[in-house]
Amino acid sequence: MQGEGLLAGLLGSLKPRRRRRQPTEELPLASRAVSYTVIAALLAASLPIILSYTLLVELSFSASFIATPFEKTSFTLENWRLFFQGRLAPTAAQIYTPSYIRRMILDTLIVALGVMGVVVASATPAAYAFSRMNFRGRGALMRFLILLHAFPGVALIIGVYAIYVYTYRRLALGLHAGEAALLAYAFLYVIVARASLEIPMSTWLMKGFFDRIPWEVEWAALVDGASRLRVFTRIMLPLVKPGLAALSIFSFMAGWEELIYVVVFLPSKAPTLASYIHSQLSGGAIETAYLPVVAAAAVVYLIPTILFFVFTQSLLVEAAEGAGVKA
Amino acid sequence: MPRPRLPPPALFLSLAAFLVLVFYMVPLILTLWASLTPVRNWDIAQLRQFVGAENYRRLFHLIRFDPDVSTVVKTTIVFVAGTLTVNVLGGLLLALAAFIIEERASLGFRLLWFLPRMTPVAVFGLLWYYFFYPQGTLNAILLKLHLISHPVNWGQDVLPWGPWSIIIFVNGLVGVSYGMIIFYSAFKAIPKDIYRAALVDGARLRDLVFRIMLPLTRWHLIFVTVWQLLSLLTTYAHLFVLVEWGVVEKWHGMTWALYVFETAFGSAVNDQALASAAATLLVVVGIGLGLLTLRLMGFERELGAIRGEL
Numbered sequence: 004m005q006g007e008g009l010l011a012g013l014l015g016s017l018k019p020r021r022r023r024r025q026p027t028e029e030l031p032l033a034s035r036a037v038s039y040t041v042i043a044a045l046l047a048a049s050l051p052i053i054l055s056y057t058l059l060v061e062l063s064f065s066a067s068f069i070a071t072p073f074e075k076t077s078f079t080l081e082n083w084r085l086f087f088q089g090r091l092a093p094t095a096a097q098i099y100t101p102s103y104i105r106r107m108i109l110d111t112l113i114v115a116l117g118v119m120g121v122v123v124a125s126a127t128p129a130a131y132a133f134s135r136m137n138f139r140g141r142g143a144l145m146r147f148l149i150l151l152h153a154f155p156g157v158a159l160i161i162g163v164y165a166i167y168v169y170t171y172r173r174l175a176l177g178l179h180a181g182e183a184a185l186l187a188y189a190f191l192y193v194i195v196a197r198a199s200l201e202i203p204m205s206t207w208l209m210k211g212f213f214d215r216i217p218w219e220v221e222w223a224a225l226v227d228g229a230s231r232l233r234v235f236t237r238i239m240l241p242l243v244k245p246g247l248a249a250l251s252i253f254s255f256m257a258g259w260e261e262l263i264y265v266v267v268f269l270p271s272k273a274p275t276l277a278s279y280i281h282s283q284l285s286g287g288a289i290e291t292a293y294l295p296v297v298a299a300a301a302v303v304y305l306i307p308t309i310l311f312f313v314f315t316q317s318l319l320v321e322a323a324e325g326a327g328v329k330a
Numbered sequence: 628m629p630r631p632r633l634p635p636p637a638l639f640l641s642l643a644a645f646l647v648l649v650f651y652m653v654p655l656i657l658t659l660w661a662s663l664t665p666v667r668n669w670d671i672a673q674l675r676q677f678v679g680a681e682n683y684r685r686l687f688h689l690i691r692f693d694p695d696v697s698t699v700v701k702t703t704i705v706f707v708a709g710t711l712t713v714n715v716l717g718g719l720l721l722a723l724a725a726f727i728i729e730e731r732a733s734l735g736f737r738l739l740w741f742l743p744r745m746t747p748v749a750v751f752g753l754l755w756y757y758f759f760y761p762q763g764t765l766n767a768i769l770l771k772l773h774l775i776s777h778p779v780n781w782g783q784d785v786l787p788w789g790p791w792s793i794i795i796f797v798n799g800l801v802g803v804s805y806g807m808i809i810f811y812s813a814f815k816a817i818p819k820d821i822y823r824a825a826l827v828d829g830a831r832l833r834d835l836v837f838r839i840m841l842p843l844t845r846w847h848l849i850f851v852t853v854w855q856l857l858s859l860l861t862t863y864a865h866l867f868v869l870v871e872w873g874v875v876e877k878w879h880g881m882t883w884a885l886y887v888f889e890t891a892f893g894s895a896v897n898d899q900a901l902a903s904a905a906a907t908l909l910v911v912v913g914i915g916l917g918l919l920t921l922r923l924m925g926f927e928r929e930l931g932a933i934r935g936e937l
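Protein sequences appear in the order of chains A and B.
Residue numbers for the first sequence follow the numbering used here, so the first one is 4 and each next one is one higher.
Residue numbers for the second sequence follow the numbering used here, so the first one is 628 and each next one is one higher.
Chain A extracted, bound-state conformation (with noise of 0.2 Å):
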C-alpha cells in the first residue's frame, strides 16, 4: 500500500488467490475448532449487517410495516406497484406520475454516467504521464494528488458553491438562459464538480495500472517513429483495458451513490433517488411518507451496487491479474 489508497487494496485483497496458490501454500494457520469459533464470532459480529439489508429487501416486499426480518407478514408486490406507478407516499397531497420515476432513476444515472465519464477522461491520461514521463515537478505533484485527496472535501464546496452561484446568475440574468439551459447546466456542473473530487485518487489507481506494462512495448512503437499520443491511443489504452474497467466502474459508483452534491446543486423539480429518499424523511416529512414505499426504492437504489458484487468479482480478479502483456 503505498498511497494507492483503498481502491488498489480492494483490488489486491479481493481477488481469491486460486490461480496462484499451489498446494504446498495451504497453510493451516489456525486448528479446525479455532477456525469455526471464528466463523462463528465473525458471524455473529456481521448479524446487524445481514440483518438490516435482509429488513430493507422484506420491507419492499411486505404487505404491512415489520420492524424486524422476522415478523409475520403477507407477501405482496403492492409497494413495487405503488413505487411504479409514482404513488410514492398515497397519504402525502403531492401526486407524482409514473414519469416522475423514470426522470429520477434516469437522473440518477446521468450522474453516475457523467462522473464516470469525466473521470475516465481526464484520469486516464494524467495517470499515463505520471507513469511514464519524466517531467518537473512529477514527485512533488503527486504527492500534491494525495494531500489534494485528504482534503476536507466540506471546504470545498462552500468555494464549489460560491462559483456555481457566481456562473449561474450570470447565465439566468446576463445570458437570459431558458429553463432547460439553466437545467442542463446544474447537471453539467453537479457532474464536472463531483467527478473532479475523484481525480487524486483515480489518477493515482491507474498510475498502478500502466506501471505493470513493460516499458519495451511503448518503447518499439516509439523507435518505430509514433508519437506518445498515439501510442497512448494506440497501444497503451488496450493494455490498461482492466484497470479502465475498475476505473470506470468505481467512478459510477461514486456518481450513483453521490447525496450531498446533489441536493446541494440540482433543483428539487431534478430529483436522484438519493434526494427522492432524503426528501420523504427529511424534516417532517416522515408523517406522510410510507416506509414500505421509500424501501422499494431503496432496494432499486441498491441494485448496482449489488451487480457490483455480483459480476466485478471476476473483473477484479482479471484487473488485478494486470494487464494483457505478462513479461
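Because the hints were derived from the structure by calculation, they are not lab data.
Cβ coordinates follow ideal geometry from the N, Cα and C atoms, glycine included.
Possibly wrong hints are sitting among the right ones.
Now the in silico label distances, taken between C-beta atoms and shown as ranges [said to hold, decoys possible]:
hint	chain 1	residue 1	chain 2	residue 2	range
1	B	Met652	A	Lys75	56 to 66 Å
2	A	Ala66	B	Trp788	35 to 45 Å
3	B	Phe837	A	Thr79	51 to 61 Å
4	B	Leu716	A	His179	54 to 64 Å
5	B	Ala830	A	Leu225	51 to 61 Å
6	A	Tyr39	B	Asp834	14 to 24 Å
7	A	Ala47	B	Ser697	34 to 44 Å
Which chain A residues face chain B? A few, computed with CB under 8 Å, are given here [what the hints assert, rightly or not]:
hint	residue
8	Ala36
9	Val37
10	Tyr56
11	Leu59
12	Val60
13	Met136
14	Phe138
15	Gly142
16	Pro155
17	Ala158
18	Tyr304
19	Ile306
20	Phe312
We have chain A already, so just place chain B on it with the hints.
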C-alpha cells in the same frame, strides 16, 4: 502536419490539471478568502468586503459561550476517537479473522463487510433509520427480550451517549472495511516461509499474531490510523442524513465538518463567512495530518526496500 506544440506531459495532464484548478484550488482560495469577508445568504457581492479576523472572533466566541457549538466540539472529539478505535481495532480483528479462516469463507465475509462502503449513503442511512427509530428493529428486539418496557428514542432522548453511539456505530460500519482490506493485504504480503518456519518451530496462533503478523505490519497500523483520523475529521455525508432525518439529536450528531456544512447551507443559518472560518480550521488540521501521512508513506517505502533483502 503542423500542430500546436504542447510538451507531451502538459498535454496529458491538461484536463486533470484544469479540473483540479477549477474545483480544488480556486474554491479553496475562495473559501479561505470568504472567512475574511461578511458573506451571507450566498450574496457573493459581499465577497468584495474585508472584515479581517471578525469571523474567527465570532467562531471562538461561539465555541466558548454557545452551548450548542461546544456540544459540536465535544461530539467531534468523541466521534473521532470512538470511530477511530472501531475502525482500526475492528479492521485489525476482521483482517485477522479473515486471514485465519479458509479462503472461501474469508472472501464471503470480506465482501459482506465491504458492502456498507459501496452502499449509497441514502440507502445506508435508511437501513439504520429503520433500525434505530422508536418503532424500529432495535426497540422491537429489546421489547421482545423484555429489556425495555416501552419504545425508547435512542438517538433523541438518551443524551449524550445515545446519538454518540449511533453515529460511531454507523460510521464504524462504513469505515472498518478500510483497515480490514489494508491489514489483510499486509498479512498476505508477509512471505509464507516465515509462517511456515514459525509453525515448524512449534509456534501457536497467538505467537504468529503477536510475534510475526503485528510487528511486521506496524507501519500499516500507523498509516491506517492517521489516514482514518483524517477521513473521520472531514466526513459528513452519513452524519448529514442521520441528523436531517432525526435519527440522532441535532447537536449530538453533528461533528465539526457537518457544522461547517450546516452553517453554510442550512436554510436557518446561511452564514458562509462563519462556515468558511470553521472550514479553514479544518483545512489547517487536514493539511497537517496529510503531510504527516506523506511522511509515513515515505517510511513505508523504506520498509518495502528492506523487506526485499529478507
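Violations among the numbered hints: Failing hints, ascending: 8, 12, 15 and 19.
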